[in-house]
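Engineer: Letter by letter, the chains look like this.
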Amino acid sequence: MTAPATSRPVPAARARRLPGWATSMLVVLVGLVVLSITATLTGQLQLTSAGTAQAAVQLLLPILFAGLGGLWAERAGVINLGLEGMMILGTWGAAWAGYQWGPWAALAAGAVFGALGGLLHAVATVTFGVNHIVSGVAITLLGAGVTKYLSTLLFLPVSANPRQSPPLRGFDSFSITPLTDVLDALVRANLVFVTDVAGILQGLLTGLTPTVLLGALAVPVTYLLLWRTAFGLRLRSCGENPVAAESLGVSVYMYKYIAVIVSGGLAGLGGAALVLNPGQLGYLEGQTGGRGYIGLAAMIFGNWRPGGLLAGSALFGYVDALQLRAGGDAVHALLYAGTILAVLVAVLWFAQRYWLAAVWALVAGLVVYLVYFFVDTIPSQFAAFAPQIVTLLVLAVASQRLRPPAADGLEYRRGEGD
Amino acid sequence: MTDTAEPDAPYAVELAGITKRFPGVVANRDISLRVRQGEVHALCGENGAGKSTLMKILYGQLRPDEGTIAVNGEPVVFRSPADAIRVGIGMVHQHFMLADNLTIAENVLLGAERRLGIGAKAKAEIARLAATVGLDDDPDTLVEHLGVADRQRCEIIKVLYRGARIVILDEPTAVLVPQEVEDLFETIRGMQAEGYTFLFISHKLDEVRAIADSITVIRRGTYVGTADPREVTTRKLAEMMVGSELPSPQTRESTVTDREVLRIEGLQLAGEGAPLLDGIDLVVHAGEVLGIAGVEGNGQTELVETIMGIRRATAGRIVLGHGDRARDITKATTLERREAGIGYIPEDRSRHALLASQPLWANRVLGHQTRPPVARRRLIGLINRAAARKDTQRIVEEFDVRTPGVDVPAAALSGGNQQKLVIGRELSGDPVLLIAAHPTRGVDVGAQAGIWDELRAARHRGLAVLLISADLDELIGLSDTIKVMLRGRLVADADPATVTPEQLGAAMTGADGPEEGAA
Amino acid sequence: MSRLQTTLLPPLLAVLFAALLCSIALLISGDNPGAALAVMVTQLGAGTTAVDVINTGAVYYIAGLAVAVGFKMKLFNIGVEGQFRIAACVAAIVGGLLPLPPVLHVIVILLTGMLVGMLWALVPALLRAYRGVSEVISTIMLNAVATGVIAWLISPAAFGFVQGNNISTPPIAPTGHFPGIDLGPSGTIFGMVFVAALLGVGYWFLLGRTRFGFELTASGESPTAATAGGVEARRMVLIAMLMSGAVAGLIGLPEVLGREHAYTLVAPQGYGFTGIAIALLGRNHPAGIAVGALLWAFLDKSALALDNIGVPREIVLIMQGVIVLSVVVAYEIVRRYAMAAEQRRVAAELRAQQQPVAEGAAT
Amino acid sequence: MAAALLAGALVMTGCARDTGAAGGGGSAGGEACATGTAPSGGAAAAPTSAAATKPDASSLKVGVAYDIGGRGDQSFNDSAYAGIEKAVADFGLAEANVKELTAAPNEPEDAAATRLRQLAADGYNPIIAVGFKYATPLAKVAAELPNTQFAIVDDNSIDLPNVTSLVFAEEQGSFLVGVAAALKSKACHIGFVGGVDVPLIQKFEAGYTQGAKAVAPNIKIESKYITPAGDFTGFQDPQKGNVVATGELDAGADVIYHAAGASGAGVFSAVKAKSTPDSPKYAIGVDSDQYLTADPAVRDVIITSMLKRVDVAVYDFIGAVASNNLGALPKIFDLKVDGVGYSTTGGQVDDIVAQLDAYKNAIINGSITVQSTK
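Residue numbers (full-length UniProt numbering), protein chains in the order written: chain A, 1 to 418; chain B, 1 to 519; chain C, 1 to 363; chain D, 1 to 374.
Simulated from the structure, these hints should not be mistaken for laboratory data. Just so you know, even glycine gets a beta-carbon here, dropped at the ideal spot from N, CA and C.
Just the calculated beta-carbon pair ranges, DEER-fashion:
1) Val221/A with Thr373/D: 49 to 59 Å
2) Thr23/A with Arg114/B: 32 to 42 Å
3) Arg376/B with Tyr130/C: 28 to 38 Å
4) Glu74/B with Met25/A: 48 to 58 Å
5) Glu74/B with Thr23/A: 48 to 58 Å
6) Met254/A with Asn308/C: 42 to 52 Å
7) Arg376/B with Pro102/C: 35 to 45 Å
8) Gln400/A with Lys236/B: 49 to 59 Å
9) Ala411/B with Val371/A: 48 to 58 Å
10) Leu225/A with Gly38/B: 39 to 49 Å
11) Ala160/A with Asn308/C: 16 to 26 Å
Looking at chain A on its own, in the form it has when it is part of the complex (with noise of 0.2 Å):
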């Protein structure tokens, strides 16, 4: 055999690179050490207090059962825009049934009517080929609707409110204690860093729930379930050129469904989580504020990958947190933040010689220590919208590196690949 000839169209990019999980610990070390640098500096003891973290986990559960909807389903291809409606359905199943048998039952049926709704679009973008978003806006639409008339119906009996459940039991929660007190015992030492590492991480540890549990173990598992399994490789495969995976033999309409039908359980847990928040236990009308959308946005935040998503959805419930909590002051300390990060991001690029967006970087780092230099602190009306400010902004600068599934939100027909 002669040596074979080849053309390369795309040269092979193979430089060494640090594995997947050392570089995630060293942007959440270096995240760490910004803010509590910003902690520090500004006073602002609320960006690294355990109660901050603790209400962002509160915060970011809903978001990261929907996110990782939203990974199921794009994943397999297929786009949800419904996760808001699925969600919506969560939560008035995961009412309905919890009131009736307790909070397991609330997440189980919580997790189905999600599924009942991820059918639906399964049925409407797979089946009868619809536009992913216009199924997913419709279904939206029909959740809201649904859940409404259902309330009225079987609600407004028993709470004599057609918009509330009557409330429900909830699960106890429980902190690791020893590792707590330890924490605790840290934060009063007072240290820079040492303070603010052991109040996050306190945060973390204190009033756990099973729901905050399965959200911790959703992601690990949605990890192994997609990358290291024959089955997440074929559902995969249905996002990336479903046309080799029916070539192959593999059934693309059922991983499909399948993936949307999770998709859907998972946006119904995220509703169920909402339920079942320590806030208040039961269903109440319009409670999920857009949180199946955040969650999309979390997803495409993260690359399309359960890491990527969990920061993503910690960011915005982090952010979101802050500023329930602290208010416009907290929110203006992040700008201080930001312009660390600024500098660090264009030292960084500097390094690796990319001039020009290492001065862009400088230039957007000087312009957010003006606004904080300036501004003594962020209006309410603006701070209350930070969570969605701060994705605008990483999107706008990150968009380009991200990847999505390469069939993601085409429709495919069976049989009529090449």
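Following the hints, complete the assembly by docking chains B, C and D onto the known chain A.
Structural biologist: Just chains B, C and D, lined up with the frame of chain A:
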């Protein structure tokens, strides 16, 4: 139908009376095919003859409307490719079935995870198979980093990994240069010795005669006959395929003038790593067909798209016209270039040339939306629908587009008629330059001859043509000058009057310059 | 199947299917669907309901058009909601602050609305065109941000005007009111209804008769083919998004100019999302959108009567949801069927003309 | 004034103990919470509601147009209904002659107008509109129908002879619970959670702040709204209510007053979660006596609720219509007419009732004026 079955050994594959209808078309009509175990059986036919459809049926991707399939003597019914794989059939598609964002290992393992799992054991097996087909990349490499030949190797590994004994190769040589074809044939012969059976689909008769043990010819969806490659002549085979005399792409007399129409100087297009286009210089004159030869993926697509303004050159100049009327269009938009008189036949008709669900007349407007007759002369910005219909009707008549009317959607037309419409459109409005990328790809024989005639006629009228084609016969037959492209550079010139396809192929891979003047 | 059939059949089927489904739901919950329908239809004659349907229909129509401009090129402007709200708010502020002569005052308000809608749409347009950020996500985020900006704009610290427990923008002087047609006890038809109709005509002309419309349709049908045909994708994204935003900027104005004469804290929300549903219902066609808008307005306004006979009003929400979902499914089925039929018809006609053709099936 | 002194002492010990928020922030320990003295004198004015002779409402057909949420909201819609029920019991109003309709979220003005017209067309008179969102439509409909009597809760912007405004001095009631909060706070640090940052809710905050400062001028007050104006999800997001309240508790507040509608449930659960026998935390409800309506699990932290007696207003209005004596209705339902007040269910404020009543009397007799804005 021949009836020469050996009594003891059952046929590896036996298709009988296969009929498959698509809306408006019978793709396969009562086709029968018998493949002996351990042979390389070629399936020949022109583009659109129904070869791929037949193979998709054998691979379970399509279900026949009528007819039966038997494998190794056992009658089988395939509901999906999984069923076909189970009885030992594998298929390497003409268009690779690979997911770019998955690794080699993942692509191979997909659908065959049960065999060895997806862990280390499976990867070891893949590495072993990779060695046998000459693929030297790590199994964890993303497929997007592989070149064409390596992708094909990856496809063959997929088939082997599944334990296929009967391998369908659908036009495997279409994307390969002659040297790579020779490598492929080596591999096939080696595997044949190990007892594999091959179904080899091609319309390249020399290749078929070189590799096949027996040949089945189909034409327009029907079975024509079976031939023995040792006995049949190429001419006879061709007549079986085409049903008549082969059309020839020969140009008659030279019409080349010394009037420059297109001048490209030092054209550069940056890529992520190596440049996609590197220092391209060329000149096309009025009445000249300049052919660009090259293995796909060496920058032809990028060259065409840069000339059309779809991509922006990072350096260099593109000048349209000559003397006083020369115009630097390097920074012009696609529309401005079209308005300046460039016609464009893209390589991918359905994606780049047509609006599938729009009527023919609306497709006539595309690319001409600012120019009469389809745009109103006085009221810039308005579309003249009546004139668009009328002019579409003209194209339909002049270019023999077979359609019931100009209001049917483009998707309702067959590929050849779509292409004739596109060519008619691109030759409307008196262009000075036509960029034709693979103008006869996926077109039936009759339409192919018609398209060649149109290109010749336009050249005769003084049109400058930049022709890109993977069909070296077409390229040699139509061009006045040929340039060879390799890794984004023009590496050699060739005279179509003397060059052979083999010489061109060598130049395309960079192995050897053709004798008449390497650049 | 004729073109008329492929256009009209799907929505009809969808409405019937939705009605059937809702009837079943009502029967299960022990209500009489016939009575519900009857009371909804009679409601049209009651009070100002008929006029309200027309007025709200006009609002929905503008919303539908705003969404449809984007949909036409597969651009999903989910942000119509935020664009219309912020535009209405700023337009009301400008109208309330500027003392201007009659006609000019209204025109300035209208132009302000369009301009602000456009500016708010500019952000996702730029992000999409230059950074590749999906407009779906960015507009969802911007809808939320718009709420914050509006909250600030109408706060007393900025332009707010406290009236009892309500806050609003400064009231617009009578010179800035858009006169309507007073039908006495039946209500007043907004003058903006005619603007909406004109907008529809403009949309029809723009899309069907102009180069821009052609390029928009081409980009939606096949971005790659459009690019090769000299349509600049980036420019189209920007223009389509900005046009969508400009039209969105008008959605809130019928109510601001014709009734409220200010933008208040309790100004209605959700028209942007309704617009999506209506654009889908009407298949982005100006006449279809009109029918969809009126149907939607009828369902909304007449649903108020359901309270009278104790039927949960929410049944209408289900009905609307089912209509949208089934109409898109129905369109898709009919589209496929029609395309296959068309291919068959073309092939059959050609066969009739000459010998059979088998080409093009297996390329 | 022993109770006040006691409270002051408790506050001081509380401050000394308090370590503030994580990381050593929060209120400085040991800072004295100077306690103002409760006003003295001024006898309590006799409540003026309920006329001497019972009006006869048996011939009336009463229509009610509720705000979003309608009956069952455990808030002012329910409160309005309570007034109707009382009228049914006292004035002989026939239950069959009452018709209720409910608004939908984010509906445009014409829907509200249609609702009112519908009631009028069916012969209901008087018609009560609950919520300020009815203001503009009611102004229009009432002008069209001069022979129908209307009332509107929470709005006084309509100047028509057939429209009666039923507005409340929420700031006065909030003042009293502010007093209660200051007296009950051991950390000299209290909190307020508003649902949506709108003028109506700002009135609650204003009164609360003034009341607390009247008791303890140096008191620290955390104040936060869940959402800004226009984003009405703040009234229906208990999760965020919980986060906001927890934030205030973490900042050191130990009594939280909410005016956040359904999000208040989250406030209660936050307070309940942070409350320990050693350092109890308290919550104050709003509108109705939330000790009675909240989830039983959190009731023990609700020490009082600011009462906004929509029921009284509705009841009085129906009585006034029945006896054709609308002029006798108060211009504003304030402390004087028991239009606002505080609840004592649960007995947790029994120890400070004397002081609360002293402030109440001072407000009624005018020696304290409560501002409705900050």
